[in-house]
Amino acid sequence: MDAVVVTAEKADADFQTGDVDTEQISGFSSVIKREEFEGKMEDLSEIIEKEAGVQIHQSGGLGSFSTVSLRGSSSEQVVIYMDGVPLNEASGGGVNLSNISLSDIASLEIYRGITPVNFGKSSVGGVINIKTLRAEKGLHASAGGGYGSFNARSLSAFVNHKPDKWDYLISADYLDADNDFEFLNDNGTELNPLDDRWEDRNNAEFDQKNILGKLGYDFTKHVRADFHYQWFSKNQGLPNWRNSEKVDTSLDTERNISTLKLTANDLGSHHLNTSTRFSFFREEEIYDDRGNYIGLSGDQHNKYITTRYEANFFLEWLTEFNSVSLLLDEQHEIYESENMLGKEKTDDKSRDTFSIGLQDSVFLFQDKLMLTPGIRCMFLKDDSEDDETSRDETYFMPQFGLRYRPMQWLTFKTNVAKYVREPSFFELFGDRGFFYGNEDLKAEKGINFDAGAEITRKTSHDWLKRFSLNLVYFRSDVDDLITRIYTTQGYGRSENVSSSCIQGIEAGIKLDFFDIFRLIANATWQDTENESEKKDADGKKLPGRFEESYLTRLEAKYKALKLHTEYIVEKDGYYYDTPNLLKAEDKEEINAGISWLFKSFLLTFEAKNLGDDHYEDFNGYPLPGRSYFVSIKYNY
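Numbering (my numbering), first residue to last: 2 to 637.
Treat each hint with caution, since some may be false.
[Stated by the list, open to error] Dumping the calculated SDA-like pairs for lysine to any residue here, alpha-carbon to alpha-carbon at most 20 Å:
1) K247 with K572
2) K572 with I506
3) K51 with K600
4) K588 with E567
[To be verified] Label pairs and their calculated CB-CB ranges:
5) L583 with D201: 19 to 29 Å
6) K560 with S499: 21 to 31 Å
7) L185 with L372: 33 to 43 Å
FYI, nobody ran anything at the bench for these hints, they're computed from the structure.
Cβ coordinates follow ideal geometry from the N, Cα and C atoms, glycine included.
Hey, can you work out the whole structure from these sequences and the hints?
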């Protein structure tokens, strides 16, 4: 026979230079594709909380402030990117997941623990990367809408056209809800049931609008230019701790992100792949509490503006035996605040960050063994009109990973990495009347470690078609951990814990059987020990983390019909405060849904929290009980 040449392409045909190739990293990660949430009336937090090691903290219903914790981290210790552009701000506070529209998202990547060098920053928890929709060949369009409990409404539209070298994409959506769900208000007197009463949630309504536009041009097969623009606007009411009826406190947000990107591949004799990106980020928030319903310091009407300029360069050199990646990233961020009541002026602040990252993935013994040494260097400079709060720091953060695959279906991985996180302006100086500042905060410094195994195998059995298993141990030892403590009234302050240890186990299983069923089960057990020298904190649990999280989900697919039901439990060890005096109740949730694809129409019905469990992630800010949503989408 003549020689037979077999050519394989990446499973993700939309892969671009600068994206993470999971086959060339040793970290533990998961990818959520668009088809898993398309057509549903959910927000980002509800999608990612189903993954192992992920916990979500939310202050109310759909559209309410929500943040993510990975492997026992705080929200500030999770870096979130959108197409490579960081959404975390020097001002801090953690990324509000409810301010990210699902209609734009093509896939979600979750990297737990060690962070690939493709991203400029590392952290204790890890990284979540949001990949937005990308242009496909031909003409594609869709439109959809939905309605649900608490007067929730959504509208969305999308068009994509790529006739030849030019392509464009436009996505727009609208979402709002009254969030006037019923809950039991104990009026802050937990031990006195006489004043408890059922009430509708007041001043929790919101409405948000989002537009994403993309324009691209292929100069050659290996050279492409892209321009992206996203505009987001949200008006949100903020209920107070006692659920007063006359509250009209609000937070209005407007965000603009512009990105110009040039991809040039197969350069020179070494066939280098490169990506050069320039981005502009601006977010304006207006906090209005002129009635002093929520804040700590009287009437407030403040404007907060964050502006960031970023230049990013990524270079990749691929050989038969290794893959070398180099990242250069420079950011200049300005944080301005204005008291619109004409009172004392707050100092403007700025942060300059320059990061260099280098990583090599070395393949040995016919790719059975892969070593991934890497290092990051970060140079940081803070400036303020008050010279006493300025700082200038340099950090070195090495990391190393190993992946051993003795058989195609069995993989062992282990990783160790050093990380540093500077305190945010939010933590240093306080903000919006909800939090006190602490200018004496130090940077967090620690080491991440994990080790585990993954099994993925297809079978020839009629009843079991495919199964996958994973088991991972993780540990993070942190010095000067920054953690937030809360008073009984829900106000907070960030403090350094002298040292802490976060460790745990992640486990997961996925079974495909009888061609129509899929069973998914995840579990996380973690211990977050506060090793502070303070008597009221030593040996206590770090606040805001559950010890145990479980998910069981059963899916069925028959022709054009899909059904699912899931059971989520989070329990034990969740405290609102550092001394562990205010303990949260366990969280239990049962969800179900059905979707039907009829020709070009996708019909979806969802039922959430069927057990009508009433729970509070934040003390005094309840989540809604049972709710229902229906939506329809047309694809052209």
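- Query: Looking at the structure, which of the earlier hints fail to hold?
  - Reply: 1, 3, 6, 7
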